[in-house]
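Please build the complete structure, drawing on both the sequences and the hints.
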Amino acid sequence: MPKGLPDPFAIPSSMPDRDSSIRAVERAIVLLRALNQLPVSTLDGLHQLTSLPKPTLVRLLRTFEELGLVARGGRPGEYRLLDGVNALNSGYHHVPRVVEVAAPLVRELTERIKWPIAVAMLDVDALVVRYSTIPYSPLSLLHSSINMRLSLVSRALGRAYLAFCSREEQAMLLELVRQSPHPEDQIAQDRGAVLAMLEQTRARGYALRDGAVRPVSGTIAVPVMAKEFVAASIGITWFSSALSVEQIVDRHLDQLLDVSRKISEQL
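Going by the working numbering, the residue at position 24 of the sequence shown is 24; the numbering climbs one at a time, nothing skipped.
Computed beta-carbon distance windows for the label pairs:
id, residue 1, residue 2, range
1, Arg112, Lys227, 22 to 30 Å
2, Gly84, Arg23, 19 to 27 Å
3, Arg59, Gln189, 45 to 53 Å
4, His143, Ala242, 16 to 24 Å
5, Val58, Ile22, 15 to 23 Å
6, Arg107, Ala24, 35 to 43 Å
7, Ser240, Thr56, 37 to 45 Å
8, Pro215, Arg80, 25 to 33 Å
9, Pro39, Gly205, 34 to 42 Å
10, Lys227, Arg62, 50 to 58 Å
11, Arg112, Asn36, 24 to 32 Å
12, Thr56, Asp254, 49 to 57 Å
13, His143, Gly77, 12 to 20 Å
14, Asp254, His47, 44 to 52 Å
With a Cα cut of at most 20 Å, we get these calculated EDC-like pairs of lysine to aspartate or glutamate:
id, residue 1, residue 2
15, Lys114, Asp258
16, Lys227, Glu265
17, Lys54, Glu65
18, Lys54, Glu66
19, Lys114, Glu246
20, Lys262, Glu228
Rather than coming from a laboratory, the hints here were simulated on the basis of the structure.
Just so it is clear, CB atoms sit at the ideal spot from N, CA and C, and this is done for glycine as well.
Laid out in structure tokens, this is it:
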């Protein structure tokens, strides 16, 4: 876990005398988060990821099975989430308007081009993935990217936002990022290099991820505008071994820009 980021699998320890029933709920939530990381999880893998005792994991998994949330995999010790987990967020209606508008448009594009697309929005000093078409793409390295925090200066989605927001907002965000301890944000210390990268991004109309970050894949991203403000950014991720940047730009940039325009028109 990178320094400065919260561990999603950590159980709070600030209240050592907390009621055992509360601790049981915490453990259940930690386990659900861990199960959501992979299509199929093993008992050993869940133990390593959560640090929960295996007997505790077995009891929780049996409970999840009874509730229709989890099913056993094809091999002993394997488990996978069922559609029943979707009911856990059915009462949450505060989805940002941009996600509501973007979801069907980016999903339709993924169904045509196969590559996954993410919709990310600003959260203080980073872009956070609020929607992803990974579940509809056969070409993804990740099981899920929802709530993933992405650097404003090294990730394509972050760069697309930072390059096209107002100069005032850009300056404020860069000052925040310069205080970040995250390794991917260290490029912000070189003011000249960052400003040159942002000007280049604006000139060509799209952003690319820093080549040193996860070189196994690449992302091309564009901003989504709400009048004169950047509301979000959307990006396509592809395997670096399958296509070059030039090929992605030639084949899919216009499609991505068209989706961005359609989203903006509805905001």
